[in-house]
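*Asks:* If you want the building blocks of each chain, they are given just below.
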Amino acid sequence: MSAILSVQDVSVSFGGVDALADVSIDVEPGEIVGIIGPNGAGKTTLLNVICGMAQPNKGAIWLNGTLITGRKPSAVAGMGLGRTFQSSQLFPGMTVLENMMTGLHLASHAGLFQSAFRTSAMRREEARLRAKAEAALDFVGFRHFADRPGNALSFGQQRIVEIARALINEPKVVLLDEPAVGLSINRVAELDELLRRIRKEKGITLVMIEHVIRLVMAVSDRIVVLNSGRKIADGNPVSVRDDPLVIEAYLGAQAHA
Amino acid sequence: MRRLLSPRNLIFALFVTLAVVPFLANKYYVFIANLVLLYMILAVGLNLLIGYAGQLAFANAAMFGIGAYGAGLLQAHFGVPYWLALPSGALIAMVSGTVMALPALRLSGIYLALVTLAFAQFTLWVMSHWDTVTFGAGGFSPPRIDFGPLPLTQPNGMYLLSWLAAAGLIWFAWNAMGSRIGRAFVAMRDGEIAAQALGIDLLRYKALAFALSGFYAGTAGALYGGVLGFVGPEGFDLLQMVLHKAAVVMGGLGSIMGSIIGAVILVVLLEVIREFKATMEIAFGGLLLAFVLFQPRGIVDLLRRKLGWDERLHYKAGPDQTAPSEPTPAATRKPAE
Chain D
9 MSAILSVQDV SVSFGGVDAL ADVSIDVEPG EIVGIIGPNG AGKTTLLNVI
59 CGMAQPNKGA IWLNGTLITG RKPSAVAGMG LGRTFQSSQL FPGMTVLENM
109 MTGLHLASHA GLFQSAFRTS AMRREEARLR AKAEAALDFV GFRHFADRPG
159 NALSFGQQRI VEIARALINE PKVVLLDEPA VGLSINRVAE LDELLRRIRK
209 EKGITLVMIE HVIRLVMAVS DRIVVLNSGR KIADGNPVSV RDDPLVIEAY
259 LGAQAHA
Chain S
22 MRRLLSPRNL IFALFVTLAV VPFLANKYYV FIANLVLLYM ILAVGLNLLI
72 GYAGQLAFAN AAMFGIGAYG AGLLQAHFGV PYWLALPSGA LIAMVSGTVM
122 ALPALRLSGI YLALVTLAFA QFTLWVMSHW DTVTFGAGGF SPPRIDFGPL
172 PLTQPNGMYL LSWLAAAGLI WFAWNAMGSR IGRAFVAMRD GEIAAQALGI
222 DLLRYKALAF ALSGFYAGTA GALYGGVLGF VGPEGFDLLQ MVLHKAAVVM
272 GGLGSIMGSI IGAVILVVLL EVIREFKATM EIAFGGLLLA FVLFQPRGIV
322 DLLRRKLGWD ERLHYKAGPD QTAPSEPTPA ATRKPAE
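Top line first, the protein sequences correspond to chains D and S. Okay, so the first sequence: first residue is 9 according to this note's numbering, each after it adds one. Okay, so the second sequence: first residue is 22 according to this note's numbering, each after it adds one.
It should be emphasised that the hints constitute simulated quantities derived from the structure, not laboratory data. Just so it is clear, the structure is predicted and the values come from calculations on it, not from any experiment. Don't take each hint at face value.
[Stated by the list, open to error] Heads up, simulated EDC-like pairs for lysine to aspartate or glutamate below, C-alpha to C-alpha not over 20 Å straight-line:
no.: 1; chain 1: D; residue 1: K80; chain 2: S; residue 2: E213
no.: 2; chain 1: S; residue 1: K298; chain 2: S; residue 2: D258
no.: 3; chain 1: D; residue 1: K208; chain 2: D; residue 2: E178
no.: 4; chain 1: S; residue 1: K327; chain 2: D; residue 2: D155
no.: 5; chain 1: D; residue 1: K180; chain 2: D; residue 2: D26
no.: 6; chain 1: D; residue 1: K208; chain 2: D; residue 2: D229
[Said to hold, decoys possible] Listed below are several chain D residues computed to face chain S (Cβ distance under 7 Å; list not exhaustive):
no.: 7; residue: A62
no.: 8; residue: Q97
no.: 9; residue: L114
no.: 10; residue: S123
no.: 11; residue: A124
no.: 12; residue: S128
Ideal placement from N, C-alpha and C gives every residue a C-beta, glycine not left out.
Please construct the entire structure, taking both the sequences and the accompanying hints into account.
*Replies:* Pasting the structure below:
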């Protein structure tokens, strides 16, 4: 089996506190993997280490067979890793369309002088980016928002655009940090559908942290549970839900006594 | 009418007007118009750095000075002709500017401001005290610039050069900011972490922003030495920095058009209150404060709303623009089948 994303024995400590301890996860191509765990379990640290924003003290991470540990976040992004954040990260100074075009930064090459002199190659490239950005907005049904400023959208809308922006450059794996946080129940249902469509129509592998247990249970093929920086369970949603260790982590030791 | 008053047309009209100034006006007004051109270059260059790329740097006046000293000293010590000293001064400032990008990788906000301010003060100290090279606090006069075989006096020749430089650099900045380079700058300003996750290399784009603004300030400085016929340290102090910032903030952060407007207003205001030189610092400090408090997005934002201006990458929605309320069109579409 060839994992598209492989985290091997990764440990991270901040000032002597272990945020992650010997965590290993293999993600298969096309999988949707949910990561859950109580607050402070190390979930966001795990995503940060994968995308290069934090460095592990120990261990290695492989993306599609290439070692990515120690590389800059922008380099890791260039190797096919997308990411969304807990708090919305649409750029407010740009329109929604420009936000999407920024997502194609790595798919475009016009340099400073080509841009300043607006060479024909540069104009062709801009037209191509624009068409691709519009198509990506169509995918989430947001084409009509193209010319709105990024921060004129509601929180939930920004979240969807942010996910679309993370997908636009066709990454191999996308890390989603609590995509459902702050969304209404109807929005969560739409998100559920969108995540399935991403996998089905684009074949992109998803790894997501999520606290909305109903969503993560419904949409994930596999769930990894972290507690105090350690992986305590890894399996299909049903087996994880019934795992005594998981119940203990969430509810305390007496719950299953 | 609205179409006629588009930013592009206004810039064009302004430059046509500036082009005829030497034919119509006396020496004094030519000098003032020349200052307008130089402050346009300074404000646009600084705006690339703080308005677009979001780097709160305070070294623009020092870069201005490095350009002036670089070009002037090359002329004075080595007899380098002005046509070569001018781009050399600009390049020296560009290199110094790029060095400032190194602390910017680790520092941001107030800390970056402090480091760049320290650099500026250090530069000023070198200019005033390294007597054998810089001629010390008294300054120096670079050799006369000969525009032959063109039939131009030094003031008119310098005016022509400044006009060409301002037009070229504004056009350059306008196009560059309307491209993926501008988007990378704004992404860095609006969210460094998200920008990185989209593959934007912070080192590369911060260095580019500092280099560009250094080049702009250096060009203005090298021209300034020629316009004034004199280079001295007192012109590149903190007050000068406040003036550059005032032009950028009054005009509008993150807007090329704003910096052009800001530069015009700044130079005109400077002339109006020149008689009260002692109050200048207070006046400009107060003006800056008033804008930050009451019109933080500058004059260009008023024009944008009144005239429907639509400059790229200048959409930062203010508190007046509220998010559309739910229900909104579905976030997802049903699959086609």
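*Asks:* May I ask which of the numbered hints given earlier this structure violates, with the numbers listed in increasing order?
*Replies:* 5, 7 and 12
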